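Chemist: With these hints in hand, go ahead and build the complete structure from the sequences.
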Amino acid sequence: MFLLNQSTCLGGRRDAIRKAALGYLRTYRYLIQHESDFRIAKQDHLCLVPHGVGWVAFCRFISALDQIKDANVSGRYRYGELRLSRLNFYAPFFLRKFHFEQIHGQYGDYFARLYGPILFIFAIVSTILNSMQVGLAVDQVATTHWLSIVAIHGIGAHPGDTWCKNVGTPDAPCYVNWLTHEGMLPQAAPNARILRYGYESEWFGENAISQKTTTVADRLLLTLRRERKEFPLRPLIMIAHCFGGLVVLKALLKAQYYKDEWPGIFESTTGLVFFGTPFRGSEGMKQSEMLEAAQREYNEDQIQTEVLRVLEPGNEFLQDLVDSFCKTRSQANKARVTCFFEMKASNVGAVVGGQGRIRFVVDESSGCLDPSESTKNYSLSRTHFHMNKFGKPTEEDFLTVSEVIQDMVKVAPQLVIARAKLANKKHQVPFSLKGVPSVSHFVGRESEIKLLEDSVLPAPSRPRRKVYVIHGLGGIGKTQLAIEFARKHHQRYNAVFWLNGSSRDSLCQSLVDIARKLPRDELTADIAQELSNPKIDVEAVIRGVHQWLSLPSNRQWLLIFDNIDRDHTNGQDLQSYDVKDFFPDADHGSIIITSRLSNLQRYGRGFKLSIVDDEEAMTILENNADRLLQGK
1 MFLLNQSTCL
11 GGRRDAIRKA
21 ALGYLRTYRY
31 LIQHESDFRI
41 AKQDHLCLVP
51 HGVGWVAFCR
61 FISALDQIKD
71 ANVSGRYRYG
81 ELRLSRLNFY
91 APFFLRKFHF
101 EQIHGQYGDY
111 FARLYGPILF
121 IFAIVSTILN
131 SMQVGLAVDQ
141 VATTHWLSIV
151 AIHGIGAHPG
161 DTWCKNVGTP
171 DAPCYVNWLT
181 HEGMLPQAAP
191 NARILRYGYE
201 SEWFGENAIS
211 QKTTTVADRL
221 LLTLRRERKE
231 FPLRPLIMIA
241 HCFGGLVVLK
251 ALLKAQYYKD
261 EWPGIFESTT
271 GLVFFGTPFR
281 GSEGMKQSEM
291 LEAAQREYNE
301 DQIQTEVLRV
311 LEPGNEFLQD
321 LVDSFCKTRS
331 QANKARVTCF
341 FEMKASNVGA
351 VVGGQGRIRF
361 VVDESSGCLD
371 PSESTKNYSL
381 SRTHFHMNKF
391 GKPTEEDFLT
401 VSEVIQDMVK
411 VAPQLVIARA
421 KLANKKHQVP
431 FSLKGVPSVS
441 HFVGRESEIK
451 LLEDSVLPAP
461 SRPRRKVYVI
471 HGLGGIGKTQ
481 LAIEFARKHH
491 QRYNAVFWLN
501 GSSRDSLCQS
511 LVDIARKLPR
521 DELTADIAQE
531 LSNPKIDVEA
541 VIRGVHQWLS
551 LPSNRQWLLI
561 FDNIDRDHTN
571 GQDLQSYDVK
581 DFFPDADHGS
591 IIITSRLSNL
601 QRYGRGFKLS
611 IVDDEEAMTI
621 LENNADRLLQ
631 GK
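Under UniProt numbering, the residues of the sequence shown are numbered 1 to 632, in order.
Source of the hints: derived by calculation from the structure; they are not laboratory data.
Bear in mind the structure is a predicted one, so any value in this text is a computation, not a measurement.
Using N, Cα and C, we set each Cβ at its ideal position, and we do this for glycine too.
Accuracy of the hints is not assured; some may be wrong.
Said to hold, decoys possible - Heads up, simulated DSS-like pairs for lysine-lysine below, C-alpha to C-alpha not over 30 Å straight-line:
id: 1; residue 1: K376; residue 2: K334
id: 2; residue 1: K608; residue 2: K450
id: 3; residue 1: K334; residue 2: K19
id: 4; residue 1: K434; residue 2: K410
id: 5; residue 1: K392; residue 2: K421
What the hints assert, rightly or not - Computed beta-carbon distance windows for the label pairs:
id: 6; residue 1: D15; residue 2: P437; range: 55 to 63 Å
id: 7; residue 1: N166; residue 2: Q33; range: 39 to 47 Å
id: 8; residue 1: A525; residue 2: T214; range: 33 to 41 Å
id: 9; residue 1: K229; residue 2: S598; range: 46 to 54 Å
id: 10; residue 1: R492; residue 2: L222; range: 32 to 40 Å
id: 11; residue 1: R60; residue 2: P460; range: 39 to 47 Å
id: 12; residue 1: C174; residue 2: L48; range: 17 to 25 Å
id: 13; residue 1: L222; residue 2: E446; range: 16 to 24 Å
Modeler: What follows is the structure, given as structure tokens:
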């Protein structure tokens, strides 16, 4: 309450009390750093945090406390409870004068004036007890799970042996599971709750099951929601082999689109590790070859090939899945991704018991996502079927994997907190029509305005991106209609931007102008720095604008692409372009396009704007006549 009190009645005590209050608040920043700490702090016998405050709200609260410096808090909050001056036996002899209203930053100062020897004894006992308490606290923290790691296997595999390596002999096998071996993954991630997700994946034989990527992804989401019900915002790292990686991509996309149904899953995923995931299909054996080999060994009703189709290079579902996931990578604070690819060929023919065929199952080009600052690709000197199996902590390939996971564990809390901070932003940009060609009196077009309202206004029933194309003859009023809609409904959006699309250069310049209007603290550091350079990288700035528009918490914006009149399909106009290339990757927000080209309606809904009726024409003439008379 004192921090909010601006009264001067406290006199000279104001600064000391303020520093004590700020220091006390800042202790929460260091006392509660993980969700597990937060849960403990809310227990009834502690009550360090009010019951009505949730983890996300608490993260937003403490984010502001990061800026409190040591100079702004009392000494006890800088150096700790014990200081040499308070242990001085002779301090009371030097304090010849005592003041009734003397300000003390803590109780220790008060008692030290009179009870130096008592304070000395208290300090010794306190030091011993504090050291014991710290020792006990360390033991408790070591067993606290503030992170989840989930491993997902591929097709034709079993969760019980997917992650196991035989370090014995065929006659006397001895299997090591690196997910549970105390010197391997548990050591790399000591505070992680490690889980294996299993699903029926046999596509041939007596236990063959008809399986699809979407089906497995749905079941994975159900399991994650159930297992994470108590801690839905706990950081999550997923490890996947082969087909399991595609399941992870599908699950994350669904979790992003349907946040209410799958709370916290996409927002809390901070790391992804892929072993031989065929992002662009598997070249090892064609589906027809696999089917032919299986038919030689099994009956027709013992073969289910549905799951194999997605692994075919060029498969439409696979391409759409990977492209959609890559679009999410434009967002700020994205999850760390590492892809491992095989360096040894595998006997793919032996998979179904047929003749041997030594080939690469997933080569480097297919097993790696496009590189970025948060996506890394590494090779493993193993075959596809052994790249996910490790037998001892000293194996070179495991050391690489371990380092990757340790790095992901290290950044996980910061990513979750940064996302929580960003989610608290309002992403508000003041509405302005400066530089936009508009008229002072807009007449009519009520039915067209109604069509736009029904199509592009934000609504819970329309959570995905909305695109509307207004096409018609030049000068018929397309631009003015779009501007009137924006003027009428700008309060329904957190940001409205008009872009001059008459040429590629003008459109790029409009996007740069938009970047200068965006809140600096919502841009990545490199883009904010780029905008201050005398000569900016236009493409980088445009990516920064798209990244801002793609933020999951920034869903209610409107872009007006005006005068998209150049047809890029003829290939002769160098300033022509495909306007879709300038759409943000996110599947939210609203877009209005004005154009003379009717074929742009393929990008969304729309209508052809016709001439005004007689009544509206008369009103326009009257308005113009009034202005002319007033001008005389």
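Chemist: Now, for every hint given, state plainly whether the structure supports it.
Modeler: The hints, checked one at a time:
About 13 Å separates the Cα atoms of K376 and K334, which keeps this hinted pair within 30 Å; it holds. Taking the CA atoms of K608 and K450, the gap is about 14 Å. The hint holds against a cut of 30 Å. A threshold of 30 Å between alpha carbons decides the hint, and for K334 with K19 the separation of about 37 Å lies outside it, so the pair is violated. About 46 Å separates the Cα atoms of K434 and K410, which puts this hinted pair outside 30 Å; it is violated.
With a C-alpha separation of about 40 Å, the suggested pair K392 and K421 falls outside the 30 Å cut-off, and the hint is violated. At about 56 Å, the CB distance of D15 to P437 agrees with the hint of 55 to 63 Å. One distance hint, 39 to 47 Å for the beta-carbon pair N166 and Q33, holds here, with the actual separation near 41 Å. As the Cβ distance of A525 to T214 is approximately 38 Å, the hint placing it in 33 to 41 Å holds.
At about 51 Å, the CB distance of K229 to S598 agrees with the hint of 46 to 54 Å. The hinted window of 32 to 40 Å between R492 and L222 holds, with their beta carbons roughly 35 Å apart. Checking the proposed 39 to 47 Å range against R60 and P460 shows it is violated: the Cβ atoms sit about 24 Å from each other. Range check, C174 to L48: about 48 Å between beta-carbon atoms, so the 17 to 25 Å window is missed.
Separated by about 48 Å at the C-beta atoms, L222 and E446 break the suggested range of 16 to 24 Å.
The structure fails hints 3, 4, 5, 11, 12, 13 (numbered hints given earlier, in ascending order).
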